[in-house]
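Q: Sequence:
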Amino acid sequence: MAAVVVTTVNRPRLMSLEIRGFRAFGNEARVLQLDAPLVVVHAGNSQGKTSLAEGIEFLLSGRSSRRDLLGGAKAEYNDSLRNAHLPPTDTDCLRRSGAARPRRRHPPNPP
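Taking full-length UniProt numbering, the leading residue of the sequence shown gets 1, the next gets one more, and so forth.
FYI, nobody ran anything at the bench for these hints, they're computed from the structure. Heads up, some of the hints might be wrong.
[Claimed, not checked] Cβ pair distances, simulated, as ranges:
id, residue 1, residue 2, range
1, His42, Glu18, 12 to 22 Å
2, Ala24, Leu60, 15 to 25 Å
3, Thr50, Glu18, 26 to 36 Å
Ideal Cβ positions, reconstructed from N, Cα and C, are used throughout, including at glycine.
Starting from the given sequences, assemble the full structure and let the hints guide the process.
A: Here's what the structure looks like:
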């Protein structure tokens, strides 16, 4: 996931996201423009809305609250962040750029 971040009036704002290889998002990059005053994400079931929200959380914080909420063996959930169809050698899934501190996140590779 690549993000363009712009700071306006002391508040950072995501302007666009490029998502690839994270949860429901496969090998093909998807771009979501967020530069409008109001952005609504609307789609049917199983189209990636939750994956999008979880990807933004993981990109900004490096963790997923869903893993903590589900309970059980947390190690089992680690493998679910990365899209199962992404080649094992491709690890550059999450990236934030355009900010004062560029950040890169890598979901865990499968064992």
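Q: Looking back at the numbered hints, which does the structure fail to meet, lowest number first?
A: 3
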